[in-house]
Each structure stands twice: as structure tokens, then as C-alpha cells.
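Those protein sequence lines, which keep their order, are chains W and H. Heads up, the first sequence is in my numbering, so the first residue is 1 and it goes up one at a time. Heads up, the second sequence is in my numbering, so the first residue is 324 and it goes up one at a time.
Read the hints as simulated data drawn from the structure, not as lab findings. These numbers were taken from a predicted model, which means no experiment stands behind them. Treat the hints loosely; a few may be bogus.
Claimed, not checked - Residues from chain W shown here face chain H by an in silico Cβ test under 8 Å; the list is partial:
| id | residue |
| --- | --- |
| 1 | Glu77 |
| 2 | Arg110 |
| 3 | Ser141 |
| 4 | Thr269 |
| 5 | Leu283 |
The C-beta atom is built at its ideal place from N, Cα and C for all residues, glycine as well.
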Amino acid sequence: MSDATRPAIEMAGVEKRFGATEALRGLDLTVPVGTVCGLLGPNGAGKTTAVRVLATLVAPDRGTVRVAGHDAVRNAEEVRRAIGLAGQHAALDEGITGRDNLHLFGRLHRLGARRARARADELLTRFDLAEAGDRLVRTYSGGMRRRLDLIASLVTSPPVLFLDEPTTGLDPRSRQEIWATVKELADGGTTVLLTTQYLEEADRLADDIVVVDHGAAIATGPPSRLKAAIGSQVSVTLADPGQLGSAAVVLSSLSGGDAQVDVAERVVTVLTRPGRDVLLPSLVRELDAVGVVAEDVAVRTPSLDDVFLTLTGEAAATLGRAA
Amino acid sequence: MSAVAHTAPRPSAGARLVSDTGTSMLRILLNYRHSPGLLAASLGVPVVMVVVFGYVFGSAIQVPGGGDYREFLMPGLFAMVATNGIMPTMVGAARDIGRGVTDRLRSMPVSRTGLLLGQTLADLLVSLVVLALLALVGLAAGWRARHGAAGALEAFALLLLFRFVMTWVGTLLGLLVGKEEAAGQLSVVVFPLAMVTNAYVPTGGMPGWLRVVADWNPISSVVEAARELFGNPAAPGTAWPMQHAVTATLLWSAVLLLFCGPLAVRKFATHGR
Numbered sequence: 001m002s003d004a005t006r007p008a009i010e011m012a013g014v015e016k017r018f019g020a021t022e023a024l025r026g027l028d029l030t031v032p033v034g035t036v037c038g039l040l041g042p043n044g045a046g047k048t049t050a051v052r053v054l055a056t057l058v059a060p061d062r063g064t065v066r067v068a069g070h071d072a073v074r075n076a077e078e079v080r081r082a083i084g085l086a087g088q089h090a091a092l093d094e095g096i097t098g099r100d101n102l103h104l105f106g107r108l109h110r111l112g113a114r115r116a117r118a119r120a121d122e123l124l125t126r127f128d129l130a131e132a133g134d135r136l137v138r139t140y141s142g143g144m145r146r147r148l149d150l151i152a153s154l155v156t157s158p159p160v161l162f163l164d165e166p167t168t169g170l171d172p173r174s175r176q177e178i179w180a181t182v183k184e185l186a187d188g189g190t191t192v193l194l195t196t197q198y199l200e201e202a203d204r205l206a207d208d209i210v211v212v213d214h215g216a217a218i219a220t221g222p223p224s225r226l227k228a229a230i231g232s233q234v235s236v237t238l239a240d241p242g243q244l245g246s247a248a249v250v251l252s253s254l255s256g257g258d259a260q261v262d263v264a265e266r267v268v269t270v271l272t273r274p275g276r277d278v279l280l281p282s283l284v285r286e287l288d289a290v291g292v293v294a295e296d297v298a299v300r301t302p303s304l305d306d307v308f309l310t311l312t313g314e315a316a317a318t319l320g321r322a323a
Numbered sequence: 324m325s326a327v328a329h330t331a332p333r334p335s336a337g338a339r340l341v342s343d344t345g346t347s348m349l350r351i352l353l354n355y356r357h358s359p360g361l362l363a364a365s366l367g368v369p370v371v372m373v374v375v376f377g378y379v380f381g382s383a384i385q386v387p388g389g390g391d392y393r394e395f396l397m398p399g400l401f402a403m404v405a406t407n408g409i410m411p412t413m414v415g416a417a418r419d420i421g422r423g424v425t426d427r428l429r430s431m432p433v434s435r436t437g438l439l440l441g442q443t444l445a446d447l448l449v450s451l452v453v454l455a456l457l458a459l460v461g462l463a464a465g466w467r468a469r470h471g472a473a474g475a476l477e478a479f480a481l482l483l484l485f486r487f488v489m490t491w492v493g494t495l496l497g498l499l500v501g502k503e504e505a506a507g508q509l510s511v512v513v514f515p516l517a518m519v520t521n522a523y524v525p526t527g528g529m530p531g532w533l534r535v536v537a538d539w540n541p542i543s544s545v546v547e548a549a550r551e552l553f554g555n556p557a558a559p560g561t562a563w564p565m566q567h568a569v570t571a572t573l574l575w576s577a578v579l580l581l582f583c584g585p586l587a588v589r590k591f592a593t594h595g596r
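With the rest of the complex left out, here is chain H (with noise of 0.2 Å):
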């Protein structure tokens, strides 16, 4: 036979990983390359958000003790950056499967960990940009990290995290919605879940129930922590996730990226099966 096949020797579980993690990253970055609008768009509405709830909103928001209502919302809008996390991949899931994508890579001897990990520190990269601009945006608003360096940058190790975990939940999003269109739908249902938390308004003026949602509300506990760790004004309130923001953050990150990051890795090994 001619046809010789040029693929290498087989090489080692471990090192397959780290070769498909750094391809599948590659992939992604050069996406961004091509089109630095996504990257826009992603600092797009946190921006805008500073203009509207700093300025406008926050002109009739009193944060309770009386602190600036700005350097209340940054720590917020940080979380939703992270939050929003789950958009990109839960979108490029779903289009990679709608464009046969997926069956592609899943015929070839590739590491379905990898593939999948390698999106997601990719968009972990792209979000340190994103956090790093929209920190730049926050001081020219007076936003200040007021507990020194290290503080600030074990809040922003804490929102990494954060927004690493989200990047798994949308991946198998992605995955189990399965079409680019549904995925885009299902962003919107995104919106209201950041919005019931502490992240514009303190929870302490909202409905009896709503609070317990809002205050349970992972994303809540992240900018709780992030205000801690960034010494902003903050009003907690006594719900145990508020109390001990930073460890209510660790604990639900560890339970969303083990539930999510093995399901998603099965869901796309076995997807179509």
C-alpha cells in the first residue's frame, strides 16, 4: 500500500494532554487574533455597566454605612466578568457540535480532556485581559484596591478561578444544548442569575425569599469575597455564604468544577452514541 500513514509514534497518555491542551488553546487564542471584537465584546458590557449603574443608578443607590457606591459596584462587575465565563464556551460547544466539529476531533487519537481543558485556560487568559482592562476603567471611575497588593491579587486569583469553573459549566451547557442557536438562548437566561445577587444593590432591601436566593447565589459570595479582599464597601448581611465569603467561594467552585468538568469531558466523549 502507498497510502503511509505520518502520524508519529504513539506517545504517552500524560504527554497527549498537555500537546492537545496546548493545540486546542491555540485554536481558541487564534480565534481572538482574527477577531478582536469578541474580545470588544466581552469588555463591552461590563463597561458600559460602570457608566450606567456607577453613574446613573448609583447616583439614588445608598450603600448601607455610607460607603462610595462605585467602589461598591467594581468588585460586582469583576464577578460578572467572571460569571460570563460560561458564554464563549457554552456557544463554541454547541457550534463545534452543529458543524460536525466534534465527530471530527472525536475520530481522531486525541485526549478528550485535553481538547476540552485547553478552551477553557484559553479563555482564562483572554479574561485576564478583560479583568486587567475593566480594572484600568475602575480606577479612572475612583475605584481603589484598598487592602494592598496582596489582597488584590488573591481577589483576582479568586475571580480567575470563578470564571474558570464557568467556562466548565458552559462546556457542558454547549455540550447537552447541542445547537449555536439554543446556546444563544439560553445566554439570556444568564442575565437575571447575575442579577439576583449582592452585585448592584445590597441584598438587605430585597424580599425575605429573594435574599435567601440572592445571598445562597454563587456569584454573590465571589463579590462578597472579592470586596473583602479588595477593602471596598460592602454589606454582607448574616447568611453564612456572606459570612464567610472567600471559603463559601472555594467551596463553590470545587462543587460546580466536579460536577461539571468529568460530565462535560463524558458528555463530549460519548456525545451522539
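Same shape as in the complex, but just chain W (with noise of 0.2 Å):
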């Protein structure tokens, strides 16, 4: 990289037109060194088009774009050299064996012969796959094809890493190990960029979350502060519905916010204001001292549902700001 301080991902006011579809609305991410970027947002948000600009595969209509120090639309073969891309298919030769894969794909990227082979052992008996490595690929489970394409990545321990959507569709096991790989990547001082429906990989891997949405980033911060910013959900389920009245003043004082009474289930909810957590022990304590007996209490932390309504609602603008 031509200058350390630089941040190894940049995009700036990116926006990208396939035919009546705006998947890019003038996008903005950076990206420092060394740290994990999450690209959070549902399906159809602009995350693979996001990453597709990146890797060079896709060229956009407007604004700039830079990885590892280069511009990716005037001097895409320098990205190409910087990079390493795993999406969200097994990109493999399921026709031959898994060390055949990385060997040729370190060819590709210029090894040499002996260097790729040994590089594609090295792989293989790093990441678990050295028994499997002499199979052909279409004999091989799908954990076990994603972890191959993951690692097809790593050939040349590229300083940028994209990794869209690593993680859809495989098993508790399969993903805990791709997080693994993961977060020892990012230990290594690799820069990563990953994309993903699941909040709780954001929250495992990335040092800063970026939520997507029609083309654009509504919000970005680290995932503490997005959490902090939405704010969680109390709920307080009451044997005696006459003591509703009393758990919503409580409820209320406590989170800052308007407690919402449901009689029918004897419950109060509330949402609770960014930045002030509701602990369990006080809340509890609150009630006591005020005579109401609660059948059950519950904090449930925001889910990616949460993150969405809140953020795609009139707030998401200044909470974007904000973080």
C-alpha cells in the first residue's frame, strides 16, 4: 500500500444502474486497515452489488471507488493483485480435487508451479482439509465446499479480503468455523469486508457494522453503538391486571420512554431509550418498592428486525448522523 494511513477500502457517492434498478444510491463506506467491516442489510439492499464494485467485477456509474490504495475502475489489475473475493457460491472445479483448486488458482495468480503446490498443502493442513484435500470437490459437504472457497481466498494472504454472505444457508457447526477463520484473518492484520443477513455475525466479527439499505448506508458505527441506538425491549407480564397502571409508570420513568399497556395480556412494554439500559436488578427493585408483582420480566436485546424498523423509520436520518 502506497500510504499506511489510508484507509484500505473507500468508496464515495458510488451508485450503480442495472437497467430500471438503483442498486447503488450513492454509497459511502470506509474501511481503515487491519479492521473487519460488516455490510449489514436485507436482501436486495445493494450488499453483493457493493462488494461486486469492489472486486472489480462490476464498474460504477458514478463515484469512487479505492482498495488498497487503488483506484478499482483505472487501475483494476492492481486491486485484482490486493484482493481476495469468496461470494456467495462454492466458486470451485467440483470436477477435480480441492488441492487441484488451490494449486491452480495459485498458478493463477503467478506462484509458480512448485510454490502453489505447497502453498495449496500449507492450506489444507491450516484450515483441517488436508484428508479431504485429495477428493474431488463435488464429494465434499457444503460446510466443507464453503471453508475450500473461503481458503481459495487465501492463496496469496491478500491484504483485502470480500466475503459476501459467507455464511448463508450452512449449519451452526459450519459457520462457528468459518467465524474461526475469520477472526484469526483479522488477527493477522487482514482488512475484511463481509457481507450478511445474520446480526449476530456482524456483531461476532466486524469492528464496524454498516446497514444497507436501498443503495445506501443508513447507519454505521460499531456494533455496541448501533445496539445502544435502537435500544432494547422490556416487557413485564402482571398476575393482577389492576397493578398495570403502576408497572407502566415505573416502566416508563425507568427506560424514558412511553410504556405501552396491553390488558388483555396483562403485559407492559416499553421500548427503551437510546443509551439507557434498563438493568434487570433495578427494574425488579423498582417494582418491589412500589407493590407490583410481576409473573415475568424480560430484556430482550434488538434483533436484526429491530435494527430495521427503527432504522428504515423518520429516526434512522439522525441516528445515521449520530453513529
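Given two chains presented individually in distinct reference frames, assemble the corresponding complex, making use of the accompanying hints.
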């Protein structure tokens, strides 16, 4: 990289249209060197298009894109030398062995036949695929394919790695393995941009999250701040419907929000104000102090649904700026 | 940063083309090594045709001028092998797109021309084997190259050239189709194209309009050129491509290659943009 202080990935005002579809509408993105950025968004939000633009597969209609210090449009070849890409599919030749797949990718990266072979062996051993390495890829399980696919993007130890929904459709165990690998790479200094639909995945792996909707970033920040900005949902179920009013007063004052009362279900719920965490012990204490007997108390941390419902609402604009 | 790129210093465009062509060839040949059945499949159909046409239909087909039908048939089957070059590259290109392999390759600093050229050259090696095996089957069925080794070599060179051209046609079609199943369906269309030719029966007996189509079909030029060079019985008729079969084959090949080759590379390089 020409300049060490320069971000590994920069997108500014990137627009891309496919026919009548506006896939990206002024996407801005900055990923500092050595960090993991999680691109979070629903299907069709533009995540994949963003990755394809960054990986030089798609030319943007407008805006600037720099990866590893190089312009992705004018200097695509330099960018290609600095990146690894693992997409939503296992992009492998299924008619040959796992080892041969890695070996061939190594040759295409111009490691030379001998180094390409050695690198394939090294990667297979390091990622627990040495035994399966000599089997045809078509005999692999889904999880093994995705792991091999991820490894195939590491043949050159690229400083910048793009992972497009690396764990979609995988079983929990395979997902954990992919996460461990990504974590290890990030600890080793690789800059990673990954797209995901799972908040948990972004939460585990990402230093920063960019929430994308309709082709633009609607919020940016570390996972903790995003969640704090959304607040959590507190609900109290009562035995005696007569105490609903008192419970609502307690909840409102603790959370700074407007408590909603559901008389039929005997439940009071409130969405906490951003930055005002309601701690379970103090909630129970306060309820007790006014003589309210709770049957059940639940504090639910925000899910991806909450993130979207909140962010795509009116609050989104200000929240995005604030974060 | 502790992640240091392993990439070697940048080679020249020429060195890259050669290297990537080689790697791409290796990939296809490895596929054949692990699935020898692929080779058997590409040989199976023409061998079945030797039996079906040579011995079943052939028993009732008269070659104008009174030549042996199996001698008439063999150049047609060689040309069929050449024409079938369209299939593996078409299905392969479509499969690579569907599996995301094309995207991965395009995100790498590789020669686009080299990647495609390697696939077509690997196919050429494979088809050399298939043609040789089919020639052995032909010899067993009584077929001979009657104009000597030079004529036979020219004929096989022409057949290989046409196979090479067809692999580029297949590559372009596969990239345009982009789905493996659709490519499979498209290959069904190739069959009638290969049938409306002079490969199995002389065109003289066809209705006028169909005869024009058959005589101007590029495959017919290849068949007729092979018959001339092998010295096998022929019934060329008066159409220009039949009277100048070698020239017509070279012209068709040049036109198809100059059209499909650059277009395929362009399509590959810009897929999904």
C-alpha cells in the first residue's frame, strides 16, 4: 500500500444502475486497514453489488472506489492483485480435487507450479482439510465446500478480503468454523469486508457495521453503538391487571420511553431510549418498591428486525449521522 | 501490516497469457483425468453412428456414383466429432458462471484471453484422441484414407481447425446463456444442425430449399473437404461451397473464429457489468 494511514477500502457516492433497478444510490464506505467491516442489510439492499464493485467485477456509474490504495476502475489490475473474494457460491471446479483447485488458483496468481503446490498443502493442513484435499470437490459437504472456497481466496494472503454472505445456508458448526477463520485472518492484520443478513455474525466479527438499505448506508458504527442507538425492549407480565397502571409508570420513568399496556395479556412493554439501559435488578427493585408483583420480566436485546424497523423509520436519518 | 501479499512481481502481458493458458488447459485436462467417462461419452455417439448408419440405414442407402456407404459415412462422423466441440465449452462456460467461478477468476489478475484459450486448446488435445479412436473404429469397419498420409493429415488438420472454431462458438454461447441447464437444452439444437448436412446422405435427394441449406451449412463444407482429402466417395453437387470445400471450410472457420473469439473474450471480461 502506498500510504499506511490510508483506509484499505474507500467508496464515495457510488451509484450503480442495472436497467431500471438502482442497485447503489450513493453508497459511502470507509474501512481502515486491518479492521473488519460488516455490511448488513436485507436481500436486495445492494450488498452484493457493493462487493462486486469493490472486487472490480462491476464498474460503477458514478462515484469513486479505492481498494488497497488503488482506483478500482482505472487501476483494476492492481486492485485484483491485492484482494481475495469468496462469494455466495462455492466458486470451485467440482470435477477436480480440493488440492488441485488451490494449486490452480495459486498458479493463476503466478506463484509458480512448485510454490503453488506448497501453498495448497499448507492451507489444507492449516484449515483441517488435508485429508479431504485429494477427494473430488463434488464429494464434499456444503460446509467443506464453503471452507475450501474461503481458503481459495487466501492463496496469496491478500491484504484485503471480500466475503459475500460467507455463512448463508450453513449449519451452526460450519458457521462457527468460518467465523473462527475470519477472526484469525483479522487478527493477522487482513482487512475484511463481509456482507451478512445475520446481526449475530456482524456482532461477532465486525469492528464496524454499515447498515445498507436501498443502495445506501443508513447507519454506521461499532455493533455496540448501533444496538445502543436502537435500545432494547422491556416487557413485564403481571398477575393482577389492577397493577398495570403502576407498572407502566415505573417502566416509563426507568426507560425514558412510553410504556404500552396490553390489558388482555396483562403485559406492559416499553422500548428503552438509546443509551438508557434498563438493568434487570433495578427494574425488579423498583417494581417491588411500588408493590407490583411481576409474573415475568424480559429484556430483549435488539434483533436484526428491530434494527431495520428502527433504522428505516423516521429516526434513521439522524441516527445515521449521529453514529 | 502482517498480511503480506504472496503475489510475485508483475509479469509481462505475453508471459501472463502463456502462463494462464497453460493453467487453464491443466484444469480441463485434470477434469478428464478424474472423469474418463467424459472421453468415452464424446466417443460413444460417433461409434454408435458407425453401427446405426454404417450397418443399419447404410444397408439401404445408395451413394451416387456407386461408392461404399461406410467410406462415404466416416468423413461425416469425423465432422460430427468436430462439430460437437461446441458442447463441452458451452456447458463449461455456463457452469462456471452459475457456480461463481467466472466471478472469482475475473477478480484475479489473470489474462482473460488466456483463460478461454486454455480451455479451447485443452479440448483440442482431447478431440485429437477422440478422432484417432474413431479412425481406428472406421478402419475396422472398412474405411481407408485413399489419398495417402499427406491427404489424411490435411484432412485431420482441417477437422481439428473446425473443432477449435466450434469450441469458441460454444464458449460464446455458454457465456451468453449463463445457465448450465439452459446450455444443456441448447445442445439439443445442435443435433438437427448437424443432421441437415451431407454427412449421412447425399444432399441431391433433398427438397430444393433444404438442399440449399445443407449445401451452405459449414458442417457440409468440412464433410466434403474431408471426403476429398481422404479420397472417399462423395456426391458434392454444384453449389459453390461443395465445389470448393477446402476453401469454404477455411473461410467459414475464419469468419466464425473472428466473430466468436473476440466476442467471447469481451463477454467473459464484462459479464454482469
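Evaluation of the provided hints:
no.	hint	verdict
1	Glu77	holds (6 Å)
2	Arg110	holds (5 Å)
3	Ser141	violated (16 Å)
4	Thr269	violated (44 Å)
5	Leu283	violated (46 Å)
In the structure shown, a violation is registered for the earlier hints numbered 3, 4, 5, in ascending order.
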